[in-house]
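Trainee: Below are the chains, spelled out letter by letter.
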Amino acid sequence: MFSLIDLCAANAVGVYLDGEPVQAPARISVAAFLLMHSDQPMRHSPVNDEPRSAFCMIGNCYECLVEIDGHPNQQGCLVTLTDQMRIVRQLRRPSVFSKGGRDE
Amino acid sequence: MDEYDVLIVGAGVVGTAIGYGLAKRGRRVAMLDDSSYPFRASLGNQGMVWRQPKGYNHRPYANLTASAVESWAAFADELRDEVGIDCAYQRTGGLSIASGPEELAGLTRAMRALQSHFTSGGCEFEIYDRSKLTTLYPSIGDEVPGAIYTPYDGICNPLALLKALHHAFKARGGDYVPASRVNRIEALAGGGFKVFVEHGERAYRAAKVVLAAGLGTLKLAQALGASVPIKPNRGQILVTERLRDVNLLPSNILRPNQSGSLLIGASSDDVGYDTSLELVASANIANRALRIFPWLANVRVVRMWSALRIMTPDGKPIYQELPGARGVFVATCHSGITLAPVHAHAVAEAIDRDTFGGELSPFSMERFDV
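Chains as they are written, first to last, in numbering that gives the first Met the number 0: chain A, 0 to 103; chain B, 0 to 369.
Just chain A, same shape as in the assembly (with noise of 0.2 angstroms):
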């Protein structure tokens, strides 16, 4: 049930960080990746704009939303990173409503 991570193969995967490729460890969480690789914002809230990082790391805050693979607002805490994935930080998004929104 529980292994012990090797983080010193550090290098393990590649994935895409908006859009640039970046090496990381595997096995860990793409919140855990996004906290390791610099002190960036993960996120504005869409409310207040305000910035916005992991808080909780077990999937109750929802402050670590991210778009993973194409799908925005997925908890980075809860996905483990896998190679080539693909993850963008959600900074100040249009909205739903705008033109250039999602798919509108």
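What the hints contain is simulated information worked out from the structure, not anything from laboratory work. Values in this document were obtained by computation on a predicted structure and should not be read as measured data. Each residue gets a CB set at the ideal place from its N, CA and C atoms; glycine is no exception. It cannot be assumed that every hint is accurate.
[Claimed, not checked] Going by beta-carbon spacing under 7 angstroms, a handful of chain A positions derived as facing chain B:
no., residue
1, V46
2, S94
3, V95
4, F96
[Claimed, not checked] Which chain A residues stay away from chain B? Per the calculated CB distances, all over 10 angstroms, these:
no., residue
5, G18
6, L34
7, P40
8, Y61
9, D68
Place chain B on chain A using the hints.
Mentor: Same frame as chain A, now just chain B:
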């Protein structure tokens, strides 16, 4: 044993509004609350402060609802003055969006009937045809023929309302007694009542008792020889992720929240005392909403819940003193948010004066004995 003027059984939005009203009138009031929360409609509703088309077939209910909605802004101010809590009431205007021509025709008939109760005005509505509706919502579903708009409808934060009423009740000297499910009400020989809670280890005494326990009122009234014809009706709600720049009127399809999420609902199922979530109901809610707002296909649902409405046979409230148990009053409805100002003022006053006259007299259970 504690003695009160009035004991309120139930501390949802109906009980707290009446309790607050009575405490404000100077009565010594205690509110006895359950310990478990399986059927709290006060926590499961969408917080709509809504008129259309309630009472289209029943003038007194149309008038009662109108007077509640008209006093809502002042009531929200009153609660903010009392305890500093903002119920986030907004008279946004509201829409009933039709899925097809027949539904639009039905909604239009209902609104014309409703309007006929207001001969001196105060019940304006507009029929938005498809072209008018598309200026408001350019990407509205292809099959939507139109909608009814009224300026009176709006929304509040129902949890803030419940909290404000609790605080206001206590600030006016009311005693809130949690974890005290009432199991027996005994009429005393010299007048008044003794109310036993939990397993009978505690009791409270009062001149009057108000049954505002939602579905729990059924058994309590039964034990006093009165049959209150209410039954549960399950409503299920979908909650979306938070969205940016939500600019939607509340409607029969969804209500926007200040937090950016949408509450989409609600189903209506007669399934007894069952609050479990059903996938079929969720799918029906989602499909209906998608036919109206196709862009919802790009929006994720993050939560859903259900709650039980408290339905009378005609959907209207019951306010009355029990004929077989003078001094025991029943107040029950499924519009506890909209009607909160009426409960805090007119209903509290009626209980205080032992007379349900005027606008409240048509709401006794005698209307079912035909």
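Trainee: Work down the list of hints and note, for each, if the structure agrees.
Mentor: Each hint, compared with the structure:
1. V46: 4 angstroms, holds
2. S94: 4 angstroms, holds
3. V95: 6 angstroms, holds
4. F96: 6 angstroms, holds
5. G18: Its Cβ never comes within 10 angstroms of chain B, the nearest being 21 angstroms, so this holds.
6. L34: 22 angstroms, holds
7. P40: A/P40 is indeed farther than 10 angstroms from all Cβ atoms of chain B, at 15 angstroms.
8. Y61: 7 angstroms, violated
9. D68: 14 angstroms, holds
In this structure, the one hint that does not hold is number 8.
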